[in-house]
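Novice: Kindly produce the complete structure, drawing on both the sequences and the hints.
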Amino acid sequence: MAELWQLTLHEARAGLDAGSFSAVELAHACFERIGQVEERVKAYVTLTENHALQQAEAADKALAEGRGGPMSGIPVQVKDLICTKGIPTTCSSRMLENFVPVYDATVWEKLAAQGAVLLGKGNMDEFAMGSSCENSAFYPTHNPWDLGRVPGGSSGGAAAAVAADEAILALGSDTGGSIRQPASLCGVAGLKPTYGRVSRYGLIAFASSLDQIGPVGKDVTDCAIALNAIAGYDPRDSTSLNLPATDFTAGLTGDIKGMRLGIPSEYFVEGMEPGVRDAVEGAVKELESLGASVEPVSLPTTEYALACYYIIAPSECSANLARYDGVKFGYSYQDTPDMWQAMETTRQQGFGSEVKRRIMLGAYALSAGYYDAYYLKAQQVRTLIRQDFARVFEQVDALVTPTSPVVAFPIGEKTADPVQMYLIDVCTLPINIAGLPAMSVPCGFSEGLPVGMQLIGPQLAEERLLNIAYTYEQATEWHKARPGI
Amino acid sequence: MPLERADVEHIAALARIGLSEEEIVTFQEQLSNILDQFELLKQLDTSEVEPTGHAVELNSVMREDEAEESLSAEDTLLNAPRREGDLFRVKAVLEE
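As you go down the protein sequences, you meet chains A and B in turn.
Letter 4 of the first sequence, counting from 1, is numbered 1264 in the numbering used here, and no numbers are missing.
Letter 50 of the second sequence, counting from 1, is numbered 53 in the numbering used here, and no numbers are missing.
In short, the hints are calculated from the structure, not lab data.
Predicted model only: the values in this text are computed from it and were never measured.
Careful: at least some of the hints might be erroneous.
Said to hold, decoys possible - List of simulated lysine to any residue pairs, SDA-like, C-alpha gap at most 25 Å:
no.	chain 1	residue 1	chain 2	residue 2
1	A	Lys1588	B	Ala76
2	A	Lys1345	B	Asp78
3	A	Lys1588	A	Asp1364
Specialist: And the structure:
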């Protein structure tokens, strides 16, 4: 039998329900694995072993008494910007290094209530700003497929932990690709739900109109089970959608005959690595052989999405991060009698370069005289991007694109030039701008490194995306590949 | 559009971020490069386009104005860098 830490969520579920092993044994196995590889991968900011074992014991008790649920005893990593009561939540920032939330985020409250076991908090780019996990104030996370390379970001800890079998499941967040891009670079599955599908209450805000929490899993079924556990209306999030509950596993039929898939040429960008193109084109052929029809489509506003995003996201960020003033919580510089100097020094010392860059960019775009030229203009372009997607979704059921134009790149390669780093997210940003659901699943390798295929659907089409991904997964073996670490 | 040094200092003041000399120089160049990328948007005629704030249609969300349980003063102050009793301690805001 495989080691317990190698199991998928649904395999672990079956084993726990059958009594083949206990939740405590499963949690121990995950910590044993963490002990083997974490020193090299650095996917966690905080490990919560004692807490986890208590939760696992409670899960075993619930299972023994027939009170178990889909998440009972499942060990998860939670990205370190999702508030966990009594457990440090740092956003991988000096600013929040000693911050201990006094309440749980809704997603963690839901998972814990369903019996999930918290292994620890996942490393990330500081305040979720970055595409490589190198902006963590503590240490970069390493890609389990090649420790000299980045895992992607900002949910790099989530993707690396799942790829290295350091967690059965991880929760990430996605503002411009932060779930899908690291999932792609680490060869695992990641789902960014429709904006409003999952509550953002207790998610430390970066760009509120774009942020969305979602799962990173070992396969598509695991993502569907996780979405079941975290989705749903929450009165504490005013942008939460009030929809009837859905069982996202029910639509995993393995049948996509007659599905109309669009291939937007604009996503096969200049500078895309040939190995990525080959893998994604191969996946499109596979989907066609499974009964889907494939047609070219065009999203002409794609080239404007990067500029649109880098006005909207920093603008929202500059407003959201104004709260870090050294008064109510977080790092506080005190060594001056002057209030303004204390605040400016607090923010100078508490924030890393990328966070400062984005706050300043946003402050500029929102400032007197520039608001119309930048922020208003970007919001108008946002409308055009939405309309573009609405038009193609009258023609096709879903879109297939690469998730990232490149595979995992060497640590340090792109840190000097922010624009080069921003360009990596060119295929994922438009989806957040339009509030759409999208997922990344492994579809091959280029020079030994994983390639991800992105599936994009209209709003609330998660079931359809999951079934396309599931059908593809059933016909291929990519999701079973694991790094030799 | 290249930013002047004074622009960077102005933005930093707006954002209440102290910057070192080195940071001012670096940000002046980097922010200018990023702003250059934004010029592309001028190609699009948006004179007749309504702006989008949120991608999902939502009307104003209101609830009944009823008292609910909220965080205790103790919990609220738990992460305070400086406190005095049940208060956040701050530096003098008003000049004498």
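Novice: Hints first: check each against the structure and report whether it holds.
Specialist: Outcome of the hint check:
1. For the suggested pair A/Lys1588 and B/Ala76, the alpha carbons sit about 12 Å apart, so the restraint of at most 25 Å is met.
2. Between A/Lys1345 and B/Asp78, the direct Cα distance comes to roughly 11 Å. Compliance with the 25 Å bound is thereby established for this hinted pair.
3. A threshold of 25 Å between alpha carbons decides the hint, and for A/Lys1588 with A/Asp1364 the separation of about 18 Å falls inside it, so the pair holds.
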